[in-house]
Amino acid sequence: MSLRSFIDKIKPNFEKGGKYAKLQSTFDAFESFLYVPKKVTTHGSQIRDAVDLKRIMSVVIIALVPALLFGMWNVGFQHARSLGQVDTWTFWQMFGFGALKVMPIVVVSYVVGLGIEFIAAQMRGHEVNEGFLVSGMLIPLIMPVDAPLWMVAVSTAFAVIFGKEVFGGTGMNIFNPALLARAFMFFAYPSKISGDFVWIAGLTGGDGVVDGFSGATPLAIAKSNLVDKLPSAYDMFMGYIPGSIGETSTLAILIGAAILIFTGIGNWKIMLSVFAGGAVMGLIFNVIGINPYMELPFYYHFIMGGFAFGAVFMATDPVTAAQTERGKWIYGFLVGLMAVLIRVFNPAYPEGMMLSILLLNTFAPLIDHFVVESNIKRRLKRAKVKA
Amino acid sequence: MSNVYKITKGLDIRMVGKAETVVTKAPLAVAYAIKPADFQGLVPKLLVKVGDKVKAGTAVMFDKYNHNIVFASPVSGEVTAINRGERRLLLEVVITPDAEQQYESFEVGDLLSITREQVVEKLLVSGCWPFIKQRPYGIIANPNTTPKGIFISCFDSSPLAPDYDILLRGEEEHFYKGIEVLKKLTDGKVHLGVNAKYSSPVFEKCTGVEINKFQGAHPAGNVGTQISRISPINKGEIVWTIDPQHVAAIGRLAATGRYDVQKTVAAVGSEVKKPRYYKVIQGASIKNLLEGGVSSDKSVRFVSGSVLSGTKISSEGFIGFYDNMLAVIPEGDQYEFFGWALPGLDKFSFSKSFLSWLTPSKEYVLNTNYHGGERAFVMSDVYGKVFPFDIYPVYLLKAILAEDIDAMEKLGIYEVVEEDFALCEFVDPSKIEIQAIVRKGLNLMIKEMN
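Sequence order for the protein chains is A and B. Quick note: to get my numbering, add 9 to the position in the first sequence (first position is 1). Quick note: to get my numbering, add 62 to the position in the second sequence (first position is 1).
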């Protein structure tokens, strides 16, 4: 029996009145995953673009793959570094070690998030939305590698339930769910999830770590105004530094950005304006220059921490970003500006990108409101001029 | 000198099955129909019953809310069926034609030397009035109003669209005469929109009108796009629009006193064996038009009008009142295994997420499948890329869904009709019925304003 006829055979069980009607959304999600539905148009546009949200989300995931693979290797590399064994570990040893560390986080994120999505869809009687396919990949990439799995699970659950489902699901949310998961973890477990130990696998335990080895991220180093101890710009650009799993390699992120921009799925205006905002704030600090952190060349901000990752994958979320074209420029610019501002001024938390994007998520509707208002005013003015 | 307007937002959908430049005179169709659904918001009242004899130009129904607007039979013959749908909704008045056509004769006199009121009166009586549509709302023009301008798009940029120079071939004089009549109806100008890419001698030779050239992808040929560039509609303003073939029909009325609605339509699409032009009479059944000319090995969709905003009809259905093309495309009623994950060399998409971007000039066979399930608005910036209006489409759509009349008005509902949103609907990865939403909004506005 072919797969299709098997599905057709069991389908009635999941439809209204069937034995497993409670699992209709779940069934539908799996069916439409395997087969694009045969539903045809009846009115309006008789033809439809081949693209759907599944396709779009898959492209974003493909764009995340370079960062993910690099992140896996870097987890192994940083671990070897902490043991003082960089020269003896092979490439595959590092990658394999990292993969074993990262995969459980990915699995936990997807299982928890998708589980909640399926339940929420069933409760509403909707089809399961594909939005979490991307969030579920973003969450592991912005986690410190030593984050306990239960924390990942709790954070993900919080983000999906309170960040998304209570607002009505994908498309209705105000905050970027992945960032919300990260913010929840940061604020709920501050003692366990910050400091210099969580960024490198095994450092918390401390077994076999080289004496005096510091797992501090470049951001933490800069924060302490020890800028001469920063890794080279080349190392930071390539990503040979401690940090959240997917955020370290600016190069891998730029490959993802290229994919998103080329396919027309990621918004280049937001990406560009985030970098512009960061550069402007960096240059302003250069002028003020009252401490070594302020004197850092502006582009250091792009290659340290999660700035690039946030600019490419987080700020561009089409749901939580500004939705008007002019609004996107303003929104992106402010995201970059605030990120650098928070980094340099906020003593409690070195990474400003997460807070900056969440803050601007809040303001995006306001920015849009003003842009739309100006459109309305233009229309009214046009009417008066004519009369 | 004419103005050139560049339309930078839009999309040309490359489909297989454009019409060859061959014009065939179609035989008399087995039947002709007048379909109230072709006229938005119309509540029709019948004037005929089954068995009545009619001539070309005999009124068969009128508008319940404006008795002067009558709808005429396109041919002479016998009313053979009055088809109704749910709740006795009038669907079709079907007329079986006589072999020898007879025409009502209207004493139009010299349309150019009488007053505006008299011209309106003649157009109403002869059944020509429904040719003229108005914006806002995209409904039949209200004869008691005077528009600030009349806009005629002289090319169609939608996929598989016919070439209007071919549609009007041999009808040039009637077209010019029709334009002269229309000039009497407005205090403003009559605007012709032509394609900047090639010259259209028929239209460019027209005198006493403003000719504007439009350059760019679809919807550059939509009259709504052209209005928005030349003279966007403000609250309280009215513009009229009319199709060039209907202008020629008005010209024929002026010349002969007959309601003569012959037109040329293009039969197009991947499932038409020999896509070409046919000379038909408005409202013709397609039953014997394409006999044997359609691929028969799979199920197909017949669309009267463009594939982006036309109407689904049956294989024995009738060509719509305002339509200049008949498209036949495959139905998409099959499951596709991992369709969303395939490389997609053969899939047309506005996004470059399928490998079809490797072949930028290839023509595609598009079917009627949704290619995905309906979702909430997610990709908020895709719509604006194919929507060349100074309007925020998602905001307007959300205002309509919220039935917020005030917001709809502020956000520009007067400037648009559903076809302006057709491309938004096409590219929408969330598969939302955008044109239906826009029509709902327009109907709400009509109700609110009256």
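If you're looking for bench data, these hints aren't it; they were derived computationally from the structure. All C-beta atoms in this analysis are idealised placements derived from N, C-alpha and C, irrespective of residue type, glycine included. A hint or two may mislead.
Facing chain B, from chain A, some residues (calculated, C-beta under 8 Å) [unchecked claim]:
{"hint": "1", "residue": "Y44"}
{"hint": "2", "residue": "K48"}
{"hint": "3", "residue": "V163"}
{"hint": "4", "residue": "N276"}
Covered stretches of chain B, as calculated for chain A (at least 3 residues, CB under 8 Å) [to be verified]:
{"hint": "5", "segment": "229-242"}
{"hint": "6", "segment": "324-333"}
{"hint": "7", "segment": "386-400"}
{"hint": "8", "segment": "430-444"}
Checked hints:
1. Y44: holds, 4 Å
2. K48: With a closest approach of 5 Å, the K48 of chain A hint holds.
3. V163: V163 of chain A check fails; min Cβ-Cβ to chain B is 26 Å, beyond 8 Å.
4. N276: holds, 6 Å
5. 229-242: Our answer is that it is violated, as 0 residues pass the Cβ test (under 8 Å) against chain A, missing three.
6. 324-333: violated (count 0)
7. 386-400: holds (count 10)
8. 430-444: holds (count 15)
Hints 3, 5 and 6, counting from the list given before, are not met by this structure.
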